[in-house]
Amino acid sequence: MIRTLRKVRRRELLNTPGRFIALFLITVLGSGFFAGLQSAAPSMERTADVFFRETGLPDFRLYCDQGIAIEDAQAVRALPEVADAVPAYRVDVRAAIGTASSNYAIHSLPDSHREADRARLTLTQGRLPETPDECVADAYSHIRIGDVIAVNPDNAEATLRLLSERAFTVVGLTWSADYISIDRGNTNIGNGRIANFLYVPESAFDSPYYTELNVALANDAQLSAFSDAYGERTDEASELLSRLVQNRAEDRYGKTAEEIAAQIDAGEADYANKRSQADAGLSAAQAELQESEAKLNREEERYRQYVSEFNAGKETAAANRKALEDAGNALTASGEQLAAGRAALAAGRNALGELSLQRDALTAALASATDPAAIAALTEQLGALNAQMTELSVRLDAQEGELAAGEQAFQDGSARYGESKARLESAEAQLATKESELAAFRAELDRAAEALTAGRAAYEQEYASANEALDDARKELDEGRAALNDLPVPAWTVRGREDFPGHTGFRSDADRIGRMSLLLPWFLFLVAALVCLTTMTRMVEEHRTRIGVLKALGYRRRSIMGIYQFYAWFIGLFGGVIGVSLGLLIFPRVVWNAYATMYRMGEFMPAVAPVPCAVGLLGSTVAISLATAAACRRALDSNAASLMRPQAPKPGRRVWPERIPFLWRRFTFSQKVTIRNLFRYKKRFFMTIIGVAGCTALLLTGFGLQDSVDGVVDLQYGEVSHARATLLLNHASGAAEETPLNAGSDGYDIAYAHLAAVDASAGSRNNNGLVTYLYVPEDAEALNGFLSFRERRGHKPVLFPPAGEAPAAVITERLANAMGVKAGDEIAFSPPDMKEVSVRVAGVTENYVYNYIYLTSEAYKTLFGIAPTFTSVALKSDLPEADFNDLLAELVATENVTSALPVSQLREIMDQVIANMSAVVWLIIVVASALALVVLYNLVNINITERERELATLKVLGFYRREVAAYIFRETTTLTIIGILIGLVCGVFLHNYVIASIEVNEVMFARLILPKSYGFAIAFTLGCSLLIGLLMLPRLKRIDPVGSLKSVE
Amino acid sequence: MSVYVTFDEVTKVYRTGEVTTAALNGASFAVDRGEFCVVVGPSGAGKTTILNILGGIDRCSSGSVVVDGNDIAKMNEHRLTVYRRQDVGFVFQFYNLVQNLTALENVELASEICDNPLNPREVLDAVELSHRIDNFPAQLSGGEQQRVAIARAMAKNPKLMLCDEPTGALDGATGVQILKLLQKMSLDSGMTVILITHNTAITGMAQKVIEVRNGGIESVYRNADPKRAEEVAL
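Protein chains in written order, with the working numbering: chain V, 314 to 1362; chain D, 13 to 246.
Chain V extracted, bound-state conformation:
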């Protein structure tokens, strides 16, 4: 290269800083944005990969419903494809700190002797647990060191059996590589979500069987987890593992069945043995009892005989007694008679004595009597008295004899009576003895009977217990047999990383960033190319004379071109290197930081995506170089002489608006000038319009993005869905059933539905891999309060066809778009294990979260021939948040409810997404503003340098400074406004496109840009224009009419 040319080259770089800066900045911006943004997704992936590798993230996690034996682990490890297979425990429990219950995943600590395992936990505070009752807890929580986490006693029996401890003291807080995101995953207890994790020593688990097996594949090639190669490899490995565990399962089944059968056989033998023993024992006891009974009966007989004998004796004695008593009585009577006789006799004697006295008196009276008559009367009286006395004496003597005889008889009778009485009394004494003897006998007999009863009862009892024991044994054996018949084959599950908590989300986030980074930079590239083209064209125009001189001096075309190509390459490479470096430094990190709140994956590892970097670096260089070549060619094609003549200024031309006189006349003079100028420089026109439009479109997209994501939450949970939680049921139920759920209708409303994921991937109108659910409300009418079926545009209600008509489905908008169908079209889908059906689309309803096909119960019945089972419940409530959570906890505790998913949780996740978006939006704003600034700066810079003469003329003519500024900036402003208008239109489309490409599977972002976002986009763009204007004012001031007008350049 010729030395002078080299000098020219060097000076070129230094002498026109404005041009240099513009080109440099746009190159930096274009290449930086391109390389940086496209490296964001690879950087996310690399960070994850490094993290996965360092923490030894397993490629698979295997689960077995019957537990994993150490032999299973060994068998898996023996596979050549497997580097390691580490068994571990994990159990999900309801546990509480104080009274605050939530769901915890308790893991066994990784082996601290293995480096990779050690790396899985990152302690943030405290230490690792040493005893079984200690734990380290989730650092992303409110748990503190010293808290005691007590496992609730109401956990499932099998769960509690796994743990040897019931409470764990927190001794440290940690991050875990098992949880790359703040999502702790799902569980089948409580509300269905894991709140926090704990790690406890293995000794806190009490089971020979592990619950999971972490399998790491041999990865010598260090494949990225996000590469297709990894996908293929894991697909193969997954099949291999599935086959292996299937064999293990059958093995285990066979062994277990054998064991059980052997146990049953032994049990049967034992049973038979026991049975016969029991039978023998019992029959002996029974014989003994029978003998005792016979004996007792005999004795009883004898007793009865005795008793009758005794009774006979007793009767005789009683008769004798009676006779005796009669005799006694007769005796007494005769005694009394005798006594009376005696008394009468004595009275007679007395009377006789009196008579004798009377006689004495008479005798005396006679003796003394002198009167014969008296003697005679006395004698006569004495004679009568003597006669009376004689008669009486005879009678008394007779009486005396009679009485003596009576007394004799009485004495005889008395003697006889005494004899009889003595005899009777001895007999009676005999009887009394006999009676007591009988009583003793009776007592003896009673005792014997009692003993017999007791013996019988004992026998009965023994019999019963023996029987019971045997029955139990029988039952156990029968159960054993039934169990053997029903013995399940162990069910293994092979789960790849996509099923680890947070992994799918991360992958789709990276994909999303990747998709967005594919689209946006191209547009910036286009603007950059236009900027380069206009700038280089201008540069070459400015150098006409010099090119002419060089040509005239005999420099070769190539040498001259070299000057400019050097310039181009210098800026391209320099700007490219700086841009790519800055881009790599800024974009991946900003994007990563945006996601850092959601993910926890160690140090950020920027990745250099080679293709985008090369394209960013060389692309900008080649673009400038081509622009330069294009600009130079025309100049070099002209001959030296014409080049050295002053360039004919670009002639003025009439522009098409002038041909519309009534319009043209309305413009002021300066407006006319502006319009002509706008049409005069087409490249610049397009560069500016595209640049500004791009800026506005980017800004609108950025702000709109936030609106869209923001809008989803409010639209979905404010206007579309009114349910506050979804409950899942164990077994099908319905509104008509009497369940606690239906009964406890205080403070909430429910609607039953059938919910199942369906396959709609067949045929040309497939759902493009969208996860699609079939939702069949029990009562479509009642569901209206829970879901608003309406079209997004115009909010026209979407209705199910009336009952009786052909079945038709309402589908959600995202699904309709993916399938390319509208109302009236047919779609085909099949629920799990069911035939595929075709159904007409009744309408497309607004919906943002998840994708649904809605059918009425009747339609379902018609289509599938069976009634739907309602296991999903939408729940609506006006309760305040805290009460509502209590309600959910209460409902989850009822028997049939397996889990509850409150809407607030979904909202939290969405809010996180929005927070992430904000950083991206700011990035877009910065880039868009930079773009607008560079483009406008370049435009103004070129305008000013190129029209220096014109501006100088204006100055000479006496234009005030502000008039001169207006002359230039009116164009800029007009272009800015046109650019903004075009940008707003493009922005709406770009926004739609970006939204569509970053949409996650489950969510349709709102096609929504709020008026304020339009306002922001416009204000920012105008702000850029204003800023450039202010920056360029001094340039205008510096234009010196003297220098500019002196001569033709």
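For the record, the hints were derived by calculation from the structure and aren't laboratory data. Wrong hints could be hidden among the right ones.
Claimed, not checked - Cut-off 16 Å, straight-line C-alpha distance, at most; resulting in silico cross-link-like pairs (EDC-like, lysine to aspartate or glutamate):
1) V:K1350 with D:D70
2) V:K568 with V:E789
3) D:K196 with D:E243
4) V:K1148 with V:D1072
5) V:K788 with V:E581
6) V:K1350 with D:E89
For chain V, the structure is supplied; the task is to place chain D on it using the hints.
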């Protein structure tokens, strides 16, 4: 006749890096109102500097420049702009028309900003270009372009018309036409016209001739009987 322009001991020093060049060192002269004055001298003598200072697009390093009683050397930027706007008309060697404006519009560009403009169409008619008012500069010949430039200067109805080698880029006949126009204008409107040229042939038509050499005034003289422009042989 009253004095309209007074140059008094005006110096102008250009400083380019460490080199200082004196373009004017103590130039003094006066021009009367309505006078047609020609400043003549070889290239580099300082005549353009005089014109620039007079036109308010350059400033002198010392001395005073009084135009119509106002010392423009002491004016600030804004007043100088007002001065240019209201009082001065400029005609350049290379016309300096705005390429993107038609002849009429170029004139309007000037007439729009001053207080007492002449009707642009009439002015263009006066320079005999009424048939080309809608043409762009590129569609006009050199003479026509210069006539547009003169019309543009005239339309402002300035008190002082400054012309910098107005015929320098034109062939003889066309140049004469331009001179004729300028002379007519000066006579008709009583406008003070100062024309600079290196061509001594033009001095014949001037009422006053100022000869400049090496940044100084060599001589000032009046032509008792100025020639008519047609008589000037370019």
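Is the Cα-Cα distance between K196 of chain D and E243 of chain D 16 Å or less? 14 Å, holds
Does the alpha-carbon distance linking K1148 of chain V and D1072 of chain V stay inside the 16 Å limit? 10 Å, holds
Would you mind confirming whether the straight-line C-alpha gap from K1350 of chain V to D70 of chain D stays at or under 16 Å? 14 Å, holds
Within 16 Å, alpha carbon to alpha carbon, are K1350 of chain V and E89 of chain D? Holds, at about 11 Å.
Are the Cα positions of K788 of chain V and E581 of chain V separated by 16 Å at most? 11 Å, holds
Restraint check for K568 of chain V with E789 of chain V, where alpha carbons must lie at most 16 Å apart: 20 Å, violated
Hint 2 from the list above is the single one not met by this structure.
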